[in-house]
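Asks: Build out the structure end to end from the sequences listed, making use of the hints.
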Amino acid sequence: MHKKLMYVCLMYSNELIKGTLKTIVLSLLAKKGRMYGYEITQHVKEETDGKIQLTEGALYPLLHRLEAEGLLETEKENIGKRVRKYYRLTESGNNQATSLAAEFQEFSKTMNRLLNNFSLKPSYYV
Amino acid sequence: MSELNEQQVALISAYIKQHGIAQNTLHDDLLDHVCTSIERQMDEGKSFEAAFEQTIKLFGPGGLKQVQQQTFELLTEMNENMKKVAFSFGLTSTILLLAGTIFKLMHWPGAAVLIVLGAGSLAFVYLPLLLWHKLKESPRDESLMHISGFVGLTLTTIGVLFKIMHWPGASITLLSGMGILAALYVPLFYFKKYKTSSNKSITLSTGLVAMTCLILVFGLMTVNRSANFNRGLLLVGAELDYSAEKAANNEGLYLKLDGNQDAASLKMAVNQSLDEILALRLKLITETEGISEDEAMNIEPYLLSKQDNFDIPTHILFHGEEKYSANILVNSLETFQERLLQVYQPEIRSEMVTILPFDFSETYTFRDEKMDWANFHLRHIPLSGVLSQLSKMQLDIRNAETQALLYLLSQSAVSESPSGDQGAYEAQSL
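Chains as they are written, first to last, in this note's numbering: chain A, 1 to 126; chain B, 1 to 430.
Think of the hints as simulated: they come from the structure by calculation, not from any bench.
These numbers were taken from a predicted model, which means no experiment stands behind them.
Nothing false has been slipped in among the hints.
List of simulated lysine-lysine pairs, DSSO-like, C-alpha gap at most 27 Å:
(1) B:K136 - A:K85
(2) A:K22 - A:K76
(3) B:K57 - A:K45
(4) A:K76 - B:K65
According to the in silico footprint, chain B covers these stretches of chain A (three or more CB under 8 Å from chain B):
(5) 29 to 38
(6) 54 to 64
(7) 72 to 82
To give a feel for the contact side, a few chain A residues facing chain B, derived at Cβ under 10 Å:
(8) T41
(9) Q42
(10) E67
(11) K85
Note that CB positions come from ideal geometry on N, CA and C, so glycine has one too.
Replies: What follows is the structure in structure tokens.
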């Protein structure tokens, strides 16, 4: 129950977002170079017109895990009285980002074709 | 563009820590996130308080703690391989221990090896791996709980192992292990659970049940289960002692045999054996009870508080100083019996052998295990039992002595007066 609420999004189901979270974050970092956590959430929100909103509860655990897996590295910068952590892709992170993006595009094409066929068929039979 | 001042940042930092974020890197991430979010909202004209409230709301019903929990879960998925290794060690230990216990119950050979291996891998491989894993994946404020759990469980495991193997130091290890579990681990564990649980009353009662179980086992261990049983044994010992004391009055016979070589050397052998038995007896009582020799001399045997301890007596007799070993005792009794046989005429010696009190050549069988006299009579026997046997030895020696002296007396009566009337009469009257 709580877990489901963690991936707050306005338009898509949690199941759908959950599987693509890693792809979203890695692709975004591949495009932008380095980003900090808040920046990532805001950027995703803006780029998707608010249709996908990453929550802190979903984003930070993922960032930490990707860092532990060696896909991300961090840089710390002092901002006033606090520390800001910038995340960037490592080399293997970059490879992952490319392959995940390609995989998803392929998947999305397949789904499109499949759904188009499905949506046509019923009209013939009615 | 708004920027939060020092107090505001400190306030948010305190809020994050207070809500259970113990991991430093996560704290930094969240602090920056919350601050930035507030700053942006203040740019849009909101007050600090309103922006703060709005930002925190976004963390969802689980709040900050949920973020940390999620992080741990994701991070620990990394260690799947290590988890598998740890789990297989745990499983192996459990199977070995289970097999060892069954073997021991069925008296099959190899039980000890299985139990030692099982408990060893549990205490020295599985539990340390588990501790390492737990320390890595949980916040620092929980490390005391994990360490106390580890120490307590390891000591308990070793204690149980020692107890099963009858090695010395078992009870103190077991007690301290269980003490740590009851005094530190269980309270800390349930305190943590209580703080985060949704149904506090159920957590509280399961915690209490766990504590009670531990305390009951604890109590069971300290209770002297077989006190009456041991008192029975010690009373038999005391009666034997009493009889030995009465039988000790052979001085009159020795006086009559004054100048007799056999009697003199018999007396020496008897005294030597009895001295050794007395010394061993004192050693056993002082070491096991932890009292001085003077106290040991005067204590009534059935008042001994550690009568059911067999770790220490077995250690003294089989692994301790040579002087107090079972071997020396057996040697001494053998010497006495040889000396005793010398008293009798060669033609009746073979008859006398059959009524000697101790037969050290016999092999004994206990639980399908063959053992010699010393192991059968003294190894893993509680203090009360060992003391009773020492009393019986004293009595046996005294009885055999009396028998031999009477024999010598009758012999000398025969040789001194050819008619034999007077001598024989004297011997009988004694």
